[in-house]
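From first to last, the protein sequence lines stand for chains C and W.
Residue numbers for the first sequence follow the numbering used here, beginning at 366 and rising by one.
Residue numbers for the second sequence follow the numbering used here, beginning at 9 and rising by one.
Since the hints were derived computationally from the structure, they do not count as laboratory data.
Beta carbons: idealized from backbone N, C-alpha and C, even for Gly.
Hints may contain errors.
Said to hold, decoys possible - Derived Cβ-Cβ restraints for the label pairs, each shown as a range:
id	chain 1	residue 1	chain 2	residue 2	range
1	C	V383	W	D185	54 to 62 Å
2	W	F30	C	D368	22 to 30 Å
3	C	V405	W	D139	16 to 24 Å
4	C	S399	W	A51	49 to 57 Å
5	W	D54	C	Q453	32 to 40 Å
6	C	R440	W	G293	50 to 58 Å
7	W	F30	C	V383	45 to 53 Å
8	W	T177	C	S399	22 to 30 Å
9	W	K602	C	V383	28 to 36 Å
10	C	S399	W	A57	45 to 53 Å
Said to hold, decoys possible - Listed next, the stretches of chain W that the computed footprint assigns to chain C, with coverage defined by at least 3 CB atoms under 8 Å from CB atoms of chain C:
id	segment
11	91 to 105
12	284 to 297
Said to hold, decoys possible - A short, non-exhaustive set of chain W residues, derived as facing chain C with CB atoms under 7 Å:
id	residue
13	V194
14	E229
15	T237
16	I281
17	L563
18	D567
19	V571
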Amino acid sequence: MTDLAAVFAQKASLVSAVVHRAVSRAEAFDRAVSLLQNSVPMTPQMSNPLLPSAGAKEAAARVMAAPNLGTADFRYLSQACDTAGNIQLLQNGMRDYPGGIDMGLTWAEYGIADTGTLVIASDSEEIRLATMLCEVHVAVLNVSDIRPSADDMVEELSAMTARTGSYTAFITGASRTADIERVLAIGVHGPLELHIILVEEE
Amino acid sequence: MSKTETFRSYKHRLDTALDNRFLRQAMDNFAVAYRTSRQNAFAGMDVEALIQKVADAKAGAIRNNAALLQQFTANAEAHGIHVHVADTAEDANRIIEEIAQKTGSKKIVKSKSMTAEEIHLNRWLETSGIDVTETDLGEWIVQLRKEGPSHMVMPAIHLSRFQVADLFTDVTGTDQDPEIERLVKVARKELREKFVDAGMGITGANYAVADTGTIGIATNEGNARLVTTLPKVHVALVGIDKLLPTIADALTINRILPKNATGQAITSYVTWITGPSECTTVPSGKREMHIVFLDNGRSRIAADPEFSQVLQCVRCGACANVCPVYRMVGGHQMGYIYIGAIGLITTYFFHGLENAKNLVKNCTNCGACKAVCAGGIDLPHLIKQVHARIQDEAGHPLQSLMLAKVLKNRKLFHRLLRTAYLAQQLVLDRSLADRSEPSRTAPGSGAGQPSDTGFLRHLPMIFSSDHNFRRLPAIARIPFRDRFAALNQPVDNPKFTIALFSGCVQDFVYPGHLEAAMKGFARHRINVIFPMDQSCCGLPAVSMGETAAAREVALQNLDAMDVNGSNYEGVDYIVTLCASCASHLTHGVPKLVKNYAPEKAEAFAKKVVPFSVFMNDILGLGPVSGPGRKTAFHSPCHLCRGMDVHQAPRDLIDKSGNRYVPTEEEETCCGFGGSFSTTFPAVSREILTRKLDDVAGSGAEILVTECPGCVLQLKGGAAQQGRDLSVCHLSELLFP
């Protein structure tokens, strides 16, 4: 673990993000699948047209979306989901799940150590919806992509935001509010949990 | 909050708020918790340097506003974004309504935007038959209650979970538990369908980055992400003051904004949209995106050399978080749309004189807001300036005019004070000739007078009963200026020569403070000059919005204190025992006379030192043994924030042979605030009570401070509330 990764992990955990470590992408994806299997099935906020309604007899499949993985990574994840069983893996079509999905799995372009922030290029609508409509967001981040502070990555951020149609997200912890009596509550509109898997590939 | 709210009805609203126990408790908890979380958030950072960086970035952007707007527009249009500029609130509302009509948007979801509140956008759109839903939880709550936000970043801070549960029960038609986790889940569910059904999303923006045509939005809930993703049209309403050259500037501000707002290192989401972003439900695959830049008086502010710094505001709300008045009465009483110190100022510019005239008086001038302002804005000064402008436009009240007239004429002013001494004989309470002194040297001074003449028995008839929260001191029979000759002892080989600036309260009400100091000066071989032509420092005139009178008095004092016409070369220091005078002479006077005597004022200001600094840091007073009584310190606002003095008076308490004991919130205002305490006695009373409770919590027998205004408030309050506490000035503790 580099110092930066340690700072990142510490700051992210301050805002209740759960930080995991993996030595390879494969391990990271396996971890995500096991997190999904061990999580509570999601509560739909409205009906999802493509899913059986709440009263259906057979147990509904758990739904995971992974909109921004490369082909090989998606294939690996897909096999891992098949092996685990009863997981429906999506790459797109998030608009059909307005009531929510169990898990959104995304790559993060960068990490910002001093605030424990993920930087995710969210130009694609699927990424935005997957990371907002899921109950658990799992972000996979290469340790080598962690920068000390936002001020240290002005060039990268300028390049990202200069593109037409760009939509760049800083995400720090889960969706939260303190609007009632200043009591912190997690998951007002977006994810109830944020997991970050730091990958330190050899 | 109608256009014609009278001062009386405003005061009635304040009283109602003061009686709201939930609000009081919520505000109190927040005020205390905020201070700690802010401190933690900035731990290890150079906050002053960061504030300066933000102030410089914003000031530069305001100077180049027109060019930045042009650059942003060119870049945004090249991306395919529609850019509009609205001169007025009405223009902005009309533009947004037209976009909704053209795109056939009947349902709109919004993320939180103070700018939309500023122009009453919801009201406008709803009147046009459009369904608008706020999606920030706090904003949704106040929208459902048909209220405005009571804080810029925590809109529903004035409400309890029970009120929210009742509201949600009405909205959903099912009983809702007053359990916060569950109430939040109600919003999650209810609002999800609104997001999905909406045709158009409206957001504000925290940043508008010109060199890429990007807007930045900070939220915690993530609602802005859904607002800008699900609907097929996105409209961002952005004040032109949000324009910045580069994302580096935006990141600088973003380092301070959430820390100052809520003590968070960063908000959960910061969203940078260059747009038009992907939208899979429209044929083009791109969302229709509009940016409406709002002026609404901002150019007028930018062009005003005095007020342009107002646009350095980053809307963090910290000025409310630390405001002693906000803490007592809540946001609805402390702003029209924009809340807190900045709200007192911007209301005048955005919403007019009528909505600002009562609010702008509700400031103790404690400077707590200025000390935390992320944009480095001199808020208390600007509040007084707005007050002055309102009086210049709407007419000066008789009371204020008379004060100005009297203050400008020192002889008349002092004659009136002497006459007042005679008049008060009718209401003087001799039985109470100050038993609350820590150690009274009975007929103390060379002038043969007890140094403190006690309290008035009852208030003169001109005061109403709500002024009765503290006992008012009597005016001394012989003011300090008439005692000076007898008190002044010639000094051989003086260590220092000082000019003493008494201020009017110590000269005429508490000459004992100065008498005690004179003993110390004599004991430590200080040669004292007391220029007889000195007058009131002029701060009361500033507080009453009488700038011209304040300037005239400042110029008189600059001459009076220059004893031998040598630009103050003849004295080593100008010492004052009044922290408010010290702060006003140092910072206020040079501002007032900058077009008349700037160099003289600067030379003068350099020589001014507060009593504690002179005794402790300059003279290096040594410790004496004493009774070791537990002594609390109330730090006058104008000492700790006005003069940045913190340690000297606390050191002197220990050196006096007593024991300094810390109290909670030593640097929080006592509620005096000069004319504030007579304008808003009920609020002043509550701030005072809170202060005295804190002192009681420390177990101190003596409460020491370094400003006669604070003494007046604290001593009178302790006496009226029957508290077992002696209150005195630091000089009296040191040289009894």
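Numbers of the earlier hints that this structure fails to satisfy, in rising order: Going through the list in order, the structure violates hints 1, 2, 3, 4, 5, 6, 7, 8, 9, 11, 13, 17, 18, 19 and respects the others.
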